[in-house]
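Participant: Read off the chains here:
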Amino acid sequence: MKLLKIYLGEKDKYSGKPLFEFIVKRAYELGMKGVTVYRGVMGFGHKRHIHRSDFFSLSPDLPIIIEIVDSEEKIHVFIKEIENVEFDGLVFTADVDVIRMG
Amino acid sequence: MKLLKIYLGEKDKYSGKPLFEFIVKRAYELGMKGVTVYRGVMGFGHKRHIHRSDFFSLSPDLPIIIEIVDSEEKIHVFIKEIENVEFDGLVFTADVDVIRMG
Amino acid sequence: MKLLKIYLGEKDKYSGKPLFEFIVKRAYELGMKGVTVYRGVMGFGHKRHIHRSDFFSLSPDLPIIIEIVDSEEKIHVFIKEIENVEFDGLVFTADVDVIRMG
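Protein sequences, first through last, are from chains A, B and C. So in numbering that gives the first Met the number 0, spot 50 of the first sequence is number 49, and the numbers just go up one at a time. So in numbering that gives the first Met the number 0, spot 39 of the second sequence is number 38, and the numbers just go up one at a time. So in numbering that gives the first Met the number 0, spot 88 of the third sequence is number 87, and the numbers just go up one at a time.
Just chain A, same shape as in the assembly:
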């Protein structure tokens, strides 16, 4: 089984709506199994865009992190599903051993 982890900004949009909501809805529609959304307190990525207004004061664009656990096949399908969605975020997969699924 695979863990898919997607990092994006709270303010990232897709078709005018929050991108993380789009991703979570697609995950639901495609029947993905273990989906969890976290909010981070700060972060920065490839483009050095810091998700805080200055380094240690509050900003409105905080990191959102989505974790999905499913079979390698379904994770692969889901990656294809979102590969044309543009955002300045990190996406990785990792191997996990599922002990219990629901």
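To be clear, the hints were calculated from the coordinates, so they are not data collected in a lab. Just so you know, nobody snuck in bad clues.
Identical copies carry no separate label here, and so any pair may be met within one copy or between two of them.
Below, a list of computed lysine to aspartate or glutamate pairs in the EDC-like style, where the Cα atoms sit at most 20 Å apart:
1) 32 / 87
2) 73 / 96
3) 32 / 60
4) 32 / 85
5) 79 / 66
6) 32 / 11
7) 32 / 20
8) 10 / 85
9) 32 / 9
Fit chains B and C to the known structure of chain A by using the hints.
Facilitator: Showing chains B and C alone in chain A's frame:
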């Protein structure tokens, strides 16, 4: 070393008390080492039970995520310890290389 | 690529300032790529120091978790960078397959 990750709902109960508190207390009693509890902002699992009242409005049953890092032997003992506890949650392990432990 | 995960307490200090801010600033200065900071709701580590005043009431010293995703070489450099910083925290690395980086 292993990372054990347990996903459950804030409202899941064990003997009338919050399940996550039971799990964390057992981890403490058994001398597990790196134990961290997160609260997610939304999630859904195997049974398609969404941890939000409707997709994007607030619900009281938010995801709780517990991470425990310890030796393979102790993680195995801990999995046995909670395997009879019923909840609609995901549990996985993954390999990690510990650089520093406390 | 590697995931580096650092667990510490919100109150841990380095040169009189919050340790997590020092670590995040060094990560930024060294050009690390995917850096995300989370706040946990409770935790305990090697020294059995519980990051809550008693087991289930609020405490001011909550866990802070830093995730950094970068190449094995840069993660190695960063581990060297922080290895002389003293704190009661857990540090591990894990293998990840990066699908997209910014």
